[in-house]
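Asks: The residues making up each chain are set out below.
Protein chains: 2
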Amino acid sequence: METFFNPSSVAIVGATEKPGSLPGVILKNLIDMGFQGKVYPVNPKYKTVFGLQCFSSILDIPDEVALNVIAIPAPLVLNVVQQQARKRIRHAIIISAGFREMGAEGIAMEEQIRHVACENDIRILGPNCLGVLDNYSNFTTSFLSWERVSCPKKGSLSILSQSGAFAVALLDLASQEGLGIAKMVNYGNRLDVGESTLLSHLRDDIHTRVIAIYMESVDHGRKFIAEARSCSRKKPIVALKVGKGAAGIAAAKSHTGAIAGNYAIYKAAFLKSGILEANGLEEFIDGVKALSMQNPPKGNRILIVTNGGGFGVIVADHCSEYGLEVPLPSQQLKEKLRTKLSSFYVVSNPVDLTGSACDRDYHTALTVAMLESDEYDAAIIIPLMAPQGMTEKVVELITDTMKQSEKPAVICTVGGAFTMKIKQLFEDREFPVYPSPERSAKAMSMLLRRRMLQEAAGHSPL
Amino acid sequence: METFFNPSSVAIVGATEKPGSLPGVILKNLIDMGFQGKVYPVNPKYKTVFGLQCFSSILDIPDEVALNVIAIPAPLVLNVVQQQARKRIRHAIIISAGFREMGAEGIAMEEQIRHVACENDIRILGPNCLGVLDNYSNFTTSFLSWERVSCPKKGSLSILSQSGAFAVALLDLASQEGLGIAKMVNYGNRLDVGESTLLSHLRDDIHTRVIAIYMESVDHGRKFIAEARSCSRKKPIVALKVGKGAAGIAAAKSHTGAIAGNYAIYKAAFLKSGILEANGLEEFIDGVKALSMQNPPKGNRILIVTNGGGFGVIVADHCSEYGLEVPLPSQQLKEKLRTKLSSFYVVSNPVDLTGSACDRDYHTALTVAMLESDEYDAAIIIPLMAPQGMTEKVVELITDTMKQSEKPAVICTVGGAFTMKIKQLFEDREFPVYPSPERSAKAMSMLLRRRMLQEAAGHSPL
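Chains as they are written, first to last, in the UniProt record's numbering: chain C, 1 to 462; chain V, 1 to 462.
No lab work stands behind these hints, which were simulated from the structure alone. Certain hints may be false.
As the list claims (entries may be wrong) - Partial list, derived from the structure: chain V residues whose beta carbon lies under 8 Å from chain C:
1) V242
2) G416
3) L425
4) E427
Heads up, the beta-carbon is just placed ideally off N, CA and C, and yes, glycines get one too.
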């Protein structure tokens, strides 16, 4: 599998400098990204493309080629795969659309390609996909314009997605949420390589800490469960399964030709293999962000600290909704908090620092309740930035105290431009920020679900 | 009630130019907002404040005063209310905190104030509140810094909130979401005026089209149901009830001293009075936005149009989850779409315009399926902006076609900076945009719930 992510040499069939052509954009993106392997443009029309020597056919390339990238019209693909077999290129990424998703004729073309691939021991990613983005080898087959979609920074999240549009949206969201990416794979029609093989590869990938999978259907049920189970013991896997109800199943079928199948079976499989299922795009990205930035808590006891009483109340409600406990502090802890905080503040759970709060109060409350006491396993912190006493400094005070406590925290903060700046500062320090009470409570519950899975598997925490 | 929103004259007790003082900030905000009524600063220390003549006591003001704004320490408030009784000022907004929420002593102070108010026919808003913001009379008692919190533009949404922090966050969110505000009222401890009285006022307010209420508890159960019922026949009311579970109820009690009570009773009351209940802050603001911008659909049949197949699938799933139907097009409609769209596109529901989509395809699909056909009541449209064929023009094409069809639509679009610009353009044209499939489906279901309530009440659509 490594060849798909970091090929020693790659051929790009159809390469051109013409704007808008897929193979051209792929080559351009690859060059811009600073990929260090050998790149061979293939196109009988040109001698050079973007300054690189261009070959009439892959058969004319004098050296060995590890990976063949095919982004030409569907009816022409089979011929190129046959050439690649003769040249003994063992890996292909077929970007081209116009196969299974178009009906009987497309299915037939896929079958012919599969036949050639099997006979010649060629592994194929695609067709009908974006292929690969690897932020460590600087390799990509993406034909996206990076002016429209932001390319996320290097990081520890890897994304597997059957849907191209979803993969793109996730890249865009990840960079918006300050989430770094290790690898992204979009495998589209999944003629050969699918999530099972990829999971087994990502399990041992040193750059990947968390895996996010978007799936409409699965390639091989049993193999998938086995691979996912083995992988989830090492790293969290969060899945977004779509095509659940009748309307969604019909839509999935016309999308990637996928048979979405009975959702109850998927649910059971996720449970069995230690996969955390998300319901909806936001729960998906929020959970992945929490798992990428924070460790699972040791237990279920959540402290809420805020300077906006109403937000404390609604977070407490959502904690109950998602199975998190919000226990009151002991008499002893209450008294300790009382002596250190202004008499106006509400010393309970939530701790309400009121509209009079200043930065330092967060430090005080968290030091007493999280660092010096063992009554809570994790914190949901809601610093509202409207009051004058609240400044950017609160970020450092909160994150330093929580890091010392070695307990996880998620941040909820609601508002406009000034609040967005604070979000960025928290996320630079790897504390995930959510724009609503319900999402912060849900993200914390995702951390806890990961902890419970680890315990069920009899494994030590990450 | 009108006096609270547009007083002919107002006294501000404790007015000063000292930075950070509440009465000072209130006076400053009022002047900055361009309020046209008479303003009387009251403070024995000064002759003038911000260029206005300042009086030693409200008793020294030579003219009649309609409203008294009190933002001085709690123990001093009773005396000012007694003075106001002598001066025959019939309305007071008490901003000051330090009452019921602080325990027995605070409750006693509130009781004394209530006694004076009752005997002298004074209506009171507060204490422990931000008071009022009226974007049409340009009147406010807010002590917020408008550098930290954005003040939303003029519009048709009115907000009632027991919690000050929530009111602030909603103002901030509203301006972020392009939602215009008519009135905001935060009544805090609700010594006298509460949601029942305010609802009855907003029912007949010409500037208010939609009402959003944040509540921890209710003032008078029966009165509230009667007023809400009468009001909801004219305009949609969306409520966010917090303090639902044990943890939330405890938190609400220490927040505004509110007894949150049995949640099941609230649920029944909302149903009885035609209030749309939201679960969580995002459902609340999303629903309010949909109702402010679009009319309820005539029925349940939703068309999904997208250029990202995966997004079509997940929106279809969430439609099923929230009770919306996604019926397949008739054979006739399918053929009509087929002849007008590229043969690559998936002509079904969702209509999938694929990565090859350009702006014009949205116009074509919506004209055929929404304008010229009667098979669908509303549309969820998901224009993903990554492909090169998609430009800003798509906004005009989509909104013009939907307006002609006289059917409602909500937009879902996911991504980074470029997508945010598109969102703004849609919302300037009063088409609500949501950043995830689940939120767009939920918002559409809120529109449909409004329709069902109207039908249940035997009323014609708005």
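Asks: Evaluate each hint against the coordinates.
Replies: Verification of the supplied hints:
Annotation: interface hint on V242(V) holds; nearest CB of chain C at approximately 4 Å, less than 8 Å. Here the hint on G416(V) is kept, as its CB sits about 4 Å from the closest CB of chain C, short of 8 Å. A hinted interface residue such as L425(V) counts as satisfied when its beta carbon comes closer than 8 Å to some beta carbon of chain C; here the least separation is about 16 Å, so the hint is violated. Because the beta carbon of E427(V) sits about 15 Å from the nearest beta carbon in chain C, more than 8 Å, this interface hint is broken.
Checked against the numbered hints above, the structure violates hints 3, 4; every other hint is satisfied.
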